[in-house]
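Visitor: Residues per chain are reported as follows:
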Amino acid sequence: MSGRRELLVFAAAAILFACGPLISPFIHVDLSILSEVLVTTLAVLSVNLLLGYTGLPAFGNAAYFGLGTYGAALSVTYLHVDLITAILVGALAAVIGALILGPFLLRRRGIYFGLLSIAFGQVFYFIAYRYTDVTGGEDGMQFPRPPFGPGIAHVAINGLQFYYLAFVVFLIAMIAFHVIVRSPFGRTLIAIRQNEARVRYLGLDTDRFIFVALLISALMAGISGAMFGLLINFAYPLELDWHQSGNFVLMMILGGAGTIWGSVVGALIYVIGKDIISTITPLWQIFLGALFVACVLGFPRGIVGSLGSLVRRGAPVSEDVSANEAFDANAPVEVGRGV
Amino acid sequence: MFHELAPQLFNGLVLGAFYAIVAIGLSLIMNLTGTINMAHGSFMTLAGYLAYSLVLRGTSFWFALLAAPLIGVLVGVLVERTLVRPLYKREPFYSLLMTFGLSLMAEEAFRLIWGPNGVPFSPPPGLGSAVSLGFMSFPTFRIFIAVVLVVAIVALALFLTRTRFGLRLRAAVQDTEMIAALGTNTQVLYAVNFGLGIFLAGIAGVLAAGMLGLSPTSGNALLMPAFVTVIIGGMGSLFGSIVGGVLVGLVISMTTLFVPAASEVSMYVLMAIVLMVRPRGLFGEEGIFG
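As given, the protein sequences belong to chains V and C, one line each in that order.
Counting in the numbering used here, the first sequence runs from 1 upward without gaps.
Counting in the numbering used here, the second sequence runs from 1 upward without gaps.
The set of hints was computed from the structure by calculation and includes no laboratory data.
Quantities reported herein were computed from a predicted structural model and do not represent experimental measurements.
The C-beta atom is built at its ideal place from N, Cα and C for all residues, glycine as well.
Errors might be hidden in some of the hints.
As the list claims (entries may be wrong) - Not everything, but these chain C residues come out facing chain V in the computed CB check (under 10 Å):
| id | residue |
| --- | --- |
| 1 | P123 |
| 2 | P124 |
| 3 | M267 |
| 4 | P279 |
| 5 | L282 |
Based on the sequences and whatever the hints tell you, model everything.
Guide: Quick look at the structure:
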């Protein structure tokens, strides 16, 4: 997309989401579900940075998401902090988690990275599951929504205000993400996806780039998790489970890997789809599983990815990516190519 | 504590044999085709439930022990031919995601067919007792499980090293193109290899149902330890899976005895330690999966 058209899309999306509280009654979707879309997008972006841009199978981001949730939940419950502080604590918890896991994950690439992410991520799940005295164990922990901020901002906030808080965070995250992936740093991540050995030959320490990407990813997932916990006023171990990681990956694939808008579309369809289907039938999980299978077999480049190629070429999407496209950093990708 | 230690060590070994056999199935499929089969646990559960239904309809346990895994293999090969095969030329990540979806669907299907709660599946009367060794006693069924699993592993090893087909399979892991050029139908290899992995999972699934219980998620509970086993043993090495499985089994059983709160986390700590010392795992082969 050209810069100007991208700005237009961004403005349109921002206006659309700004009008969310007006739209939600018409589409029979609760405002809290729209808040969930905004919050979840951050987590999907965090997967996208690692998987879509850097080519690392990030199958463990639920760990950082859950650390965010529990960071917020525990600090609100035991330290009675305000909402903003709770989000910061959650984000910090997630980054510390990534600092601990990073050195282990960095040892391997490709699918091995994915399996290590899944496995080490489970450690946090079992900690939350086991330390019943503190975390409530399997039942999870309920906590009240704290007042907004310190001092003069020490006021209670309702669902509508929370939506706009999520909206502001969403906008900041989108802009930050856009800046990051267009920066020399982001270009290097894309280069690592395409050919890590070549990046190394150029004298760049790819481990360090990947570690920083992991920390940024954990930060975003942590903020997302903390806000999700504060949205539903609840923290439970399954948020840390690798099934949750799988859902984030699915949303990213569904929307389109390696595109910012893919993450928004993926989160939107998943969260709203889940809300609608869950009210119709208890068999949501069958739909979810079928969605995984269909996405992988049917349209691995996702909705935005496929649409993007349609617009660019005016031609139907072909299965194989042309050699030319492999060097187009903005092109939507199949994940993990060149790993 | 010794009177508890010995039985718990034995339990750890049996558990380890389970992990090893599941891990071997995963490794077989992973090594040849680069497919990460997240639905492996579902095939265990499927075989367990099939055996349960068979026994419920009056067949003997022994028949069910063989028939249920074989039906599982039929389903498995069907899945492999239709859904997994298109992913062979793509990154392993896609097969992981696809089979993850399959396992979600399977779990819900088990819930629909056999109910959301666990069902009782007890070992046959002859194996329900315990063997006394003087200072302690072992449940006969667990000894039986250990024997079956060891026999299965030995049989697999013989199959892979002594039969023509087994040799082709191992050769294909090294160089699929060369094997194809020499006139072997690699698609048949893929299908049989997948079926073999599912068969091992099925046997383990039926036995695990008798020992660890049977519920829609029971097979998946064994999947994560099996993946940890593969990572500890080293990807690409079947022998590594056996050693890894035993290690994981022992570590879990020992922490269950001495530090129950850490029983789930302990195997991940073991994995972290192994990876610090040997990033490829204990017997990991150079060049397989980076």
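Visitor: Looking back at the hints listed earlier, which ones does the structure fail to meet?
Guide: 1, 2, 5
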